[in-house]
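Asker: Chain by chain, the residues:
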Amino acid sequence: MNKKIKQSLAIVTAAALAFGLGSVSTASAATKTFSIAYQGPLSGGEASTGIDEQNAVKYAAKLFMAANKGYTIKVVSVDDQGDPAVASTVAPGIGANKNILGVVGPAYSGATIASLPYYKAGGLALISPSATRVSLTDPTSPDFGGPVFHRVVGKDDLQGPALAKYATAGVSNAKVFVFDDQSAYAVPLRGFVEAGLKKVAGATLVGGDSVPNTTTDFSPTVAKIKTSGATVVIYTGYYSQAAVFIKQLRDSGSTAVFAGGDGVFNQEFPKLAGAAAEGSKVTGVGGLAGISAKLEADFKKKMGVSSGVYSVEAFDAANIFLSGIKAGKTTRAAMLKYVNAYSGKSISGNTIKFNKNGDISYGLFAGFTSKNGVLVNTGIVK
Amino acid sequence: MKIRNYWNLRDWGAGIWERANRPKRIAIALTSIFLVGLLPFAGASFLATPIAAYDAVLVYPVGIFVLMALGLNIVVGKSGMLDLGYVAFFAIGAYTMALMGTHTGLNTWEIMPFGIGFAMLAGVLLGLPTLRLRGDYLAIVTLGFGEIVRLVVLNSSWSKGPNGIANVPMPPDIGPLKFKLDDQKVFFWVVVTMILLTIWMIRRLSVRRPGRAWEAIRQDEDAAELMGVPTLKYKIWSFTLGAAVGGAAGVLYASKNLFIAPEMFTLNVSILILSCVVFGGIGNIWGVVVGATILGYLPDRIRFISDARLLVFGTVLVVVMNFRPDGLLPRKKREKAIVKKEVNA
Amino acid sequence: MFSVLIDQFWSLTIAGIALGFIYVLISLGYTMVYGVLRMINFANSEIFMWGTFGTVVTNRDIFHYTQTSEPAHGFKLALVLITSLLMSMLVAGLTAVFVEFVAYRRLRMKGTNRLATLISAIGISIALQEVMRLLTSSRPVGSPRVLEKIILTEVWGANIRLDTVITIIAAAIIFFILERFIKLSRMGKAIRAVSQNEDAAKLMGVNLNRVITTTFLVGGLATGAAGFFYITVFEYTKFNIGFTMGMAAFTAAVLGGIGNIRGAFFGGLTLGLLEVYASAILGTQWKAVTVFIVLVLVLLFKPNGLFGEAVQTTRA
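As given, the protein sequences belong to chains A, B and C, one line each in that order. Residue numbering for the first sequence follows numbering that gives the first Met the number 0, starting at 0 and increasing by one per position. Residue numbering for the second sequence follows numbering that gives the first Met the number 0, starting at 0 and increasing by one per position. Residue numbering for the third sequence follows numbering that gives the first Met the number 0, starting at 0 and increasing by one per position.
The hints are simulated quantities; they were obtained by calculation from the structure and are not laboratory data. Some hints could be false.
[As the list claims (entries may be wrong)] Computed list of lysine-lysine pairs in DSS-like fashion (alpha-carbon distance at most 25 Å, straight line):
id : chain 1 : residue 1 : chain 2 : residue 2
1  : B       : 179       : A       : 119
2  : A       : 270       : C       : 75
3  : A       : 97        : B       : 184
4  : A       : 97        : B       : 177
5  : A       : 119       : B       : 177
6  : A       : 370       : C       : 148
7  : B       : 159       : A       : 197
8  : C       : 148       : A       : 225
9  : C       : 109       : A       : 270
10 : A       : 119       : B       : 159
Bear in mind that the values here come from a model prediction, so they are computed numbers and not experimental data.
Please construct the entire structure, taking both the sequences and the accompanying hints into account.
Answerer: Right under this line is the structure:
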């Protein structure tokens with residue numbers, strides 16, 4: 000063999016060994032160490048959602064460890080980038096890793112559907128803080144996640160009508176224009192908003208559009224809104240596009256009411272949109288700050304950042320697993336049984352109890368209105 | 000053996016192969032196939048992937064990437080056409096599997112010919128009008144085609160739009176080999192079989208008329224045309240064969256993944272597969288296999304550096320291309336295109 | 000179906016032209032490099048994205064504007080706008096030179112295959128995007144409103160807004176300056192010479208490296224200017240905006256005939272208008288499909304783009 004080849008082989012081997020050393024970390028199964036996983040987007044375009052949720056899970060683990068000496072809780076980060084293709088490569092690993100007792104997540108519905116077969120095979124309990132697609136808990140749908148899938152968030156068919164109602168409140172004979180961002184989250188939600196509008200007295204649907212979520216030029220949509228004479232505009236996509244859109248809508252001189260769903264619900268929305276966001280109506284779930292300022296301050300002290308959207312849900316979900324661990328449910332089967340029968344208080348004061356499809360009984364969405372650059376909670380939409 | 004300014008694993012490997020006689024060659028081939036088949040059992044070694052399941056990573060991305068890269072290599076490597084929309088054929092195969100699998104009750108192997116057929120049909124339909132275009136124009140037209148397929152699927156109701164199709168059936172068991180979700184060895188062996196079939200097909204074609212025609216087209220299309228090579232015909236052939244492999248990969252992917260959605264078929268996939276081809280060594284089957292294996296495997300292997308992993312990936316591409324521009328395992332020197340400076344296009 | 004187009008024709012047209020001019024400037028980045036190297040500068044979309052951050056940083060960190068501050072007026076307005084324009088151009092220009100240096104130079108010197116260079120450019124564009132993603136923690140970044148979007152006048156039912164007018168006029172001026180630079184200046188002549196015949200240009204004493212670096216720089220400056228206008232109109236950026244805009248601009252360049260500077264001009268405008276009209280008629284979800292179908296049709300009947308690749312006098 001040539002000398003140079005030998006040298007290169009040596010280098011390759013050395014590099015391979017270095018890689019191997021880099022990953023020595025796993026299972027030192029001490030008696031009181033338990034693992035739960037968080038699955039969601041931790042890198043890529045959606046990373047901020049996942050990082051916020053994971054912080055809430057870590058916060059719950061921190062509180063638990065402080066209150067229960069002798070327990071060590073490991074939060075395994077499972078980064079699916081919010082992308083079903085990535086989810087189906089990471090999910091088999093989590094499904095097969097028997098150290099993991101439960102998963103908080105997946106954060107997104109598409110990634111959930113892609114991951115489900117592996118978790119069903121592994122009998123691993125899931126509690127999602129933010130996957131709202133209706134079909135996930137519909138036993139007649141191919142997407143059905145039972146018995147492993149649970150969620151501590153209201154689903155789209157609760158939110159859609161709530162959003163329709165909240166958006167049109169105080170507008171008589173509302174002419175409504177609904178559009179989505181073509182994502183797997185926004186399109187179904189738009190359907191439920193449109194269905195919900197039929198039940199709002201006096202409201203008519205005057206038009207719609209579907210705008211790819213990479214678009215920043217909304218002028219055709221604005222033109223459609225002006226032509227349709229809409230007085231209420233509902234967007235079912237995410238906050239960053241909503242901020243770009245609302246500026247363009249206001250700059251065009253339109254004064255139509257703007258409303259969005261929980262994708263728009265993010266305190267970054269009024270910050271990004273500035274004055275244009277004033278008066279916008281958003282439905283969403285209140286974060287930790289919505290529950291008590293003290294809790295938020297403690298979160299910030301312990302985690303170094305503010306809590307984000309879905310922090311309450313992620314916190315609740317983690318606490319269900321943690322209370323299971325405390326109750327001695329240290330196998331997957333026991334944990335799944337425990338979660339299915341769980342009944343306890345959410346930090347928001349509601350009672351968490353899953354029905355046979357994995358849904359909770361509450362899940363009322365709160366209405367928020369943008370005032371002076373902040374989304375202000377105006378109470379649950381009834 | 001003379002080695003010039005850089006070490007050349009390709010010539011080294013080819014040297015061993017050429018010096019071997021027939022029984023020796025068969026022995027080498029069988030041993031390699033056997034060793035590759037054992038790969039899924041190496042999960043506990045330094046090869047293990049930190050988060051993703053090792054055996055699943057071997058199937059997708061690694062196995063499927065290798066398969067697709069081989070298919071794309073027919074188009075880009077053999078006949079020199081830059082195709083940036085290869086994902087379209089992958090998507091067509093996957094959607095054929097998902098739709099037929101959930102509606103007709105046929106199993107994966109019965110749907111496979113349909114998936115390949117539809118992909119080939121798409122290849123011919125796209126190829127006929129566009130393959131007259133050259134170079135970068137062809138690149139952007141194929142890119143557009145890839146995006147059109149994705150957008151049509153995204154905007155249509157028969158494909159369930161952005162929601163995607165769940166509950167795609169798994170392949171039926173092959174004798175004692177059972178397809179399982181928590182242990183994907185059998186999937187891996189199926190991919191390896193498909194890869195071997197593809198390699199066999201390419202090797203057969205390369206030494207026959209189509210291979211020589213592609214070689215001529217790649218080196219100088221005008222000259223080839225003048226010498227009587229029906230260039231359009233062979234270009235469409237190459238395009239369609241590439242499409243067939245992509246379609247087959249798509250069928251298998253849908254059947255393995257059990258769920259597909261339009262967001263899995265973005266331009267990024269085309270670019271990634273093209274990177275695999277060029278990174279490994281364009282035009283050389285073994286280079287392509289190595290390139291696709293590394294690029295499929297690396298992002299999952301380096302998950303421990305989680306946040307910067309794509310940054311590392313991008314940097315690796317730049318560094319490797321700068322120092323080994325013909326890829327890790329370049330094609331034989333005599334096959335390299337004559338570098339001709341186009342003056343006025 | 001057509002009611003929107005008829006009702007809002009002039010609004011749409013103005014928006015389309017403004018968007019078109021942004022495309023014109025980005026596609027200059029593609030066309031210039033293509034003209035000289037016969038290669039797609041795949042990283043141009045990320046150069047654009049970095050350019051947009053030049054303006055945001057200037058507004059936010061140099062002039063300390065926040066989302067709640069009042070828009071600027073008079074001399075201050077001009078100062079802020081010009082500084083941020085120059086800053087965007089500078090950032091994008093430097094990024095472009097960096098891309099040339101890291102991803103292109105070595106490969107070009109070796110005279111090796113185009114695909115390796117393409118992959119190298121793809122690699123650097125992934126890296127550039129990822130660096131920005133890490134710097135901004137994946138979050139979208141809003142730019143404070145510096146230029147008040149006053150409605151100047153109303154023409155045929157369409158509002159003529161200050162920002163659109165400034166974008167159209169300034170982008171046209173920048174385009175004109177660049178076009179003159181390439182046509183008349185010594186360096187411009189060298190660029191054209193290299194684009195027509197590299198070997199002959201070298202024999203005539205043209206310093207190839209300098210010419211190519213300059214080409215990247217000029218393309219980067221144009222792309223950076225586009226970044227500035229993008230922020231002025233949309234006041235928003237994110238690490239992943241480059242791809243969509245870059246793709247559109249690249250399509251525009253091909254539509255007009257890549258390598259042809261005037262082609263980029265008409266290609267960009269055509270694409271901007273095509274996008275808004277198609278969105279209005281068919282729905283925004285079909286925008287990209289329409290654009291690509293039109294592109295394929297144009298290429299089938301005019302394989303070198305609408306204005307041809309081989310216009311020697313205007314080619315970069």
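Asker: All hints are to be evaluated individually against the structure, with a verdict given for each.
Answerer: Verification of the supplied hints:
A C-alpha spacing of about 12 Å is found between residue 179/B and residue 119/A, which places the hinted pair at or below 25 Å, so the restraint holds. Restraint check: the Cα-Cα separation between residue 270/A and residue 75/C comes to about 24 Å, which is no more than 25 Å; the hinted pair holds. A threshold of 25 Å between alpha carbons decides the hint, and for residue 97/A with residue 184/B the separation of about 19 Å falls inside it, so the pair holds. Between residue 97/A and residue 177/B the alpha-carbon distance is near 22 Å, which keeps this suggested pair within the 25 Å criterion.
Straight-line distance between C-alpha atoms of residue 119/A and residue 177/B comes to about 18 Å, which keeps the hinted pair within the 25 Å bound. Of the pairs offered as hints, the one joining residue 370/A and residue 148/C holds, with about 22 Å between alpha carbons and a cut-off of 25 Å not exceeded. Only pairs whose Cα atoms come within 25 Å are accepted, and residue 159/B paired with residue 197/A is accepted, the gap being roughly 24 Å. The suggested pairing of residue 148/C with residue 225/A holds, with an alpha-carbon distance near 19 Å, which does not exceed 25 Å.
Distance hint between residue 109/C and residue 270/A is unfulfilled; the C-alpha atoms sit about 50 Å from each other, more than 25 Å. The hinted pair formed by residue 119/A and residue 159/B meets the criterion: a straight-line CA distance of about 23 Å does not exceed 25 Å.
Hint compliance for this structure: hint 9 is the single one not met.
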